[in-house]
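With chain L fixed as given, assemble chain C onto it according to the hints.
As you go down the protein sequences, you meet chains L and C in turn. Okay, so the first sequence: first residue is 1 according to the numbering used here, each after it adds one. Okay, so the second sequence: first residue is 1 according to the numbering used here, each after it adds one.
Don't read these hints as lab results, they were simulated from the structure.
It does not matter which identical chain is used: a pair holds within one copy or between any two.
No more than 20 Å apart at the CA atoms, straight line, and that leaves these computed lysine to aspartate or glutamate pairs for EDC-like:
| hint | residue 1 | residue 2 |
| --- | --- | --- |
| 1 | K119 | D248 |
| 2 | K148 | D212 |
| 3 | K297 | E178 |
| 4 | K119 | D104 |
| 5 | K119 | D97 |
| 6 | K266 | E280 |
| 7 | K297 | E180 |
| 8 | K318 | D205 |
| 9 | K119 | D102 |
Bear in mind that the values here come from a model prediction, so they are computed numbers and not experimental data.
Here are the chains, one letter per residue:
Protein chains: 2
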Amino acid sequence: MTNKSNLAYISEPGPATDGLEYDEALRLTELEVRKLLKNAPPLIRVQTSHLARVAGKGMRARALLACSIGGDGLVRRGAVNAAAAVELLHLATLIHDDIIDDADMRRGIDALHVKFGEKTAVLCGDYLFCLAFDIASSISPRESDKDKIDGVLPSYLTEICLGEIRELGNTGNLDLTEREYFRIISGKTAALFQASFHAGFFLSDEPREAKDLYIETGKQMGILFQLVDDCLDFVSSKKKAKKPVLTDCRRGVVTLPLIYALRADKTLRLKIENGLSEQELKAAVIAAGGLEYTQSKIRERRTKAKKLISSLGSESKKTRLELLLDKAAAL
Amino acid sequence: MTNKSNLAYISEPGPATDGLEYDEALRLTELEVRKLLKNAPPLIRVQTSHLARVAGKGMRARALLACSIGGDGLVRRGAVNAAAAVELLHLATLIHDDIIDDADMRRGIDALHVKFGEKTAVLCGDYLFCLAFDIASSISPRESDKDKIDGVLPSYLTEICLGEIRELGNTGNLDLTEREYFRIISGKTAALFQASFHAGFFLSDEPREAKDLYIETGKQMGILFQLVDDCLDFVSSKKKAKKPVLTDCRRGVVTLPLIYALRADKTLRLKIENGLSEQELKAAVIAAGGLEYTQSKIRERRTKAKKLISSLGSESKKTRLELLLDKAAAL
Numbered sequence: 001m002t003n004k005s006n007l008a009y010i011s012e013p014g015p016a017t018d019g020l021e022y023d024e025a026l027r028l029t030e031l032e033v034r035k036l037l038k039n040a041p042p043l044i045r046v047q048t049s050h051l052a053r054v055a056g057k058g059m060r061a062r063a064l065l066a067c068s069i070g071g072d073g074l075v076r077r078g079a080v081n082a083a084a085a086v087e088l089l090h091l092a093t094l095i096h097d098d099i100i101d102d103a104d105m106r107r108g109i110d111a112l113h114v115k116f117g118e119k120t121a122v123l124c125g126d127y128l129f130c131l132a133f134d135i136a137s138s139i140s141p142r143e144s145d146k147d148k149i150d151g152v153l154p155s156y157l158t159e160i161c162l163g164e165i166r167e168l169g170n171t172g173n174l175d176l177t178e179r180e181y182f183r184i185i186s187g188k189t190a191a192l193f194q195a196s197f198h199a200g201f202f203l204s205d206e207p208r209e210a211k212d213l214y215i216e217t218g219k220q221m222g223i224l225f226q227l228v229d230d231c232l233d234f235v236s237s238k239k240k241a242k243k244p245v246l247t248d249c250r251r252g253v254v255t256l257p258l259i260y261a262l263r264a265d266k267t268l269r270l271k272i273e274n275g276l277s278e279q280e281l282k283a284a285v286i287a288a289g290g291l292e293y294t295q296s297k298i299r300e301r302r303t304k305a306k307k308l309i310s311s312l313g314s315e316s317k318k319t320r321l322e323l324l325l326d327k328a329a330a331l
Numbered sequence: 001m002t003n004k005s006n007l008a009y010i011s012e013p014g015p016a017t018d019g020l021e022y023d024e025a026l027r028l029t030e031l032e033v034r035k036l037l038k039n040a041p042p043l044i045r046v047q048t049s050h051l052a053r054v055a056g057k058g059m060r061a062r063a064l065l066a067c068s069i070g071g072d073g074l075v076r077r078g079a080v081n082a083a084a085a086v087e088l089l090h091l092a093t094l095i096h097d098d099i100i101d102d103a104d105m106r107r108g109i110d111a112l113h114v115k116f117g118e119k120t121a122v123l124c125g126d127y128l129f130c131l132a133f134d135i136a137s138s139i140s141p142r143e144s145d146k147d148k149i150d151g152v153l154p155s156y157l158t159e160i161c162l163g164e165i166r167e168l169g170n171t172g173n174l175d176l177t178e179r180e181y182f183r184i185i186s187g188k189t190a191a192l193f194q195a196s197f198h199a200g201f202f203l204s205d206e207p208r209e210a211k212d213l214y215i216e217t218g219k220q221m222g223i224l225f226q227l228v229d230d231c232l233d234f235v236s237s238k239k240k241a242k243k244p245v246l247t248d249c250r251r252g253v254v255t256l257p258l259i260y261a262l263r264a265d266k267t268l269r270l271k272i273e274n275g276l277s278e279q280e281l282k283a284a285v286i287a288a289g290g291l292e293y294t295q296s297k298i299r300e301r302r303t304k305a306k307k308l309i310s311s312l313g314s315e316s317k318k319t320r321l322e323l324l325l326d327k328a329a330a331l
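The following block holds chain L by itself, in its conformation from the complex (with noise of 0.2 Å):
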C-alpha cells in the first residue's frame, strides 16, 4: 500500500503564494469534494456517488474560505483543500446522524443508509471521515505557526459526538432545559463551525492572537444556523426544507421552539402526552410563541456575531463574513 493511495486522485495544490478570488475558491472547492466523491475507490463509488447528487449549501466550507482570505483579499489554494475536508467531515456526520435519527430523506435524496442499508452507511461515513483527516494532514502548515489542521480537527469531532450522544440521550425529555440544549447545539452544529473559522484562520495571514476571536465567532454563527434550523422544522414546507419537516418532534428531538413553548403554556405537556397530531403541535408551539422566542435568540446572536466580525481582518473579508452570516440567518 502506498501511503497516500487514497489521494491520487486529488488536485495537486498550486504553489501558497498562488492566490484564488473567493468565488474561484469556492467553485473549486466544490469541484473537488464532487470529483472526491465521484473518483471514490469503486468499492464505494456508487455510495459517494449518491451523495454527490445533491450539494448542500456548503456553510462551513464558504465559512473557512472567507476566514483565510489574506491581506491581499485572495484565498490560498491550500484553503480549497481544507474546505473540501471540512465539507467532507459535514457528510460524514450526516451519514451518521441519519442512521441515528432514523431519518428517511436528505437534501431531497434518500439517506445512505435507507438506500445501501445501515452497515454500509457506517463504513461510508467512517471512510470520509478518514479521507478528510487524510486531506487535511497534507496541507502544509505555515511556517510561523505550530498548528496544524488535521492537529485541531479532531478535538471538535470529539465535541461533535459528545453533543450527539448527548441529543440522544434526552430523546423524547420533554423536560430538557434550555441550557442543556445549548450544550447540546454548541457540540452537534457549532463545534465543526468553530473548525472551519480556526482552519481558515489558521490559513490566513492574520496575528495568532486574533485566532480566539475567529474560533467565538465560529461558534456563534454555528448556534445561529442550528437555531435557525430548528425554527424551519416547524415553519418550512417539505420541498423548501428538502427533507421531512416537523420531524425533530416526531423522533422525539426536543428544540428551543418546543421547550419555550412548554415554559410558556403550562397545559401543552399534558397533551402532549396524551398524544397530538403534528398539526396541532406546530398550532400550539406557534401559539405559546416559540418561534418568536426562539427568533429573539437568533437575533442575539447575530448581533454578537456581527459585532465579532467586525474586529476581523480586511474589509473584503469582513464583508463575505456578513454575507455568509445573512445567510445562515435566513429563515
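Frame of chain L, contents of chain C only:
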C-alpha cells in the same frame, strides 16, 4: 471550548529523551488506555468504562512499542501515547465491526451495541476515532522527519474501511477467491498493523530508508494474525476464543479454510446450499484440508516476516519482534 479539552486527562509526556524499558512502556500504555476509557467525559463514560473491563492482547501497541525501540534499547515516551492511540483506533473499529457483523460478544463481554444500542455504538466508535486522532496529533515528530503520526494514520484507516466494505459486499459469497480474501484481510486487519509498524519506526531512530521494511513486516504480521484468527473460528472453544466460534460462517463471512475446502471438495458447495449444521460444516472443512492449507499459508507468512525482522534494528528489537511474531502465530 479549549482546543485540547479532551486531552486534559492524558498523561503529560516526559521529555523526549526520557527512555523506557519495553515492559514498562507496555504497562504504561495499558494504563493509559484504561485511564482514557475510564475518565472519558461523563456522558460517554458508562460505555467506555464497559470497554475498559477487558483488555485485548494489545498486539498493535506491542508492535508499535517494539518498532520504536532505539539504539539504546529503550522506548521513547511519545511511543506510549502513540501506542494508546493505535489501541483506541482498534477499539473504535471493533465497535463499528460488531455492529456490521451483528456480533453479540467481544472479548468475553457483551458487544457495545448489544448493551447500549446501535446508535450509541456508532457514536462511541466515532468518539474513539476522534480521540485517537487527537492523541496522535499531540505527538511531536522527530526533527529530521517530515512525516507526522497523525499524517500517516488516516490513509491506513481508509484501507481498513475499504477492507470492511469489501468483506460486507462478499457476505455469503461462496465464490470468493483466495486472492480477494487476501485483499480483504490486507485491508481490514493488516492495515492497522502496518500503521503500528510505521508509527513505531517513525518514533525510533532508524534511518529513513528502513521505513518500507517496517511497513512490509507489519503487513505480513497482520495477515498472519488474521489467518490465525480465521483458523481459530473453526477449531477453538468459545471459552478460549472469548467470543462465539464458527461465527464467521454463521454471519456469511467466507474465510480461507472454507475457500480451500470448497476448492478441494466439489460436493461441499451443494451440501452448504442444502443446509449443514455447524458441526457438519466444521468437520467438512477440516476433512477437506482447509485448516492444514491455511496453516501452510501461516507458515509462509511467518517465514517471510522472520526474514524481514532479521534486518530490523538492534538485537533487542529483533528479539521483541520475534516474540511478537510467535504470539501472533499462536493457534
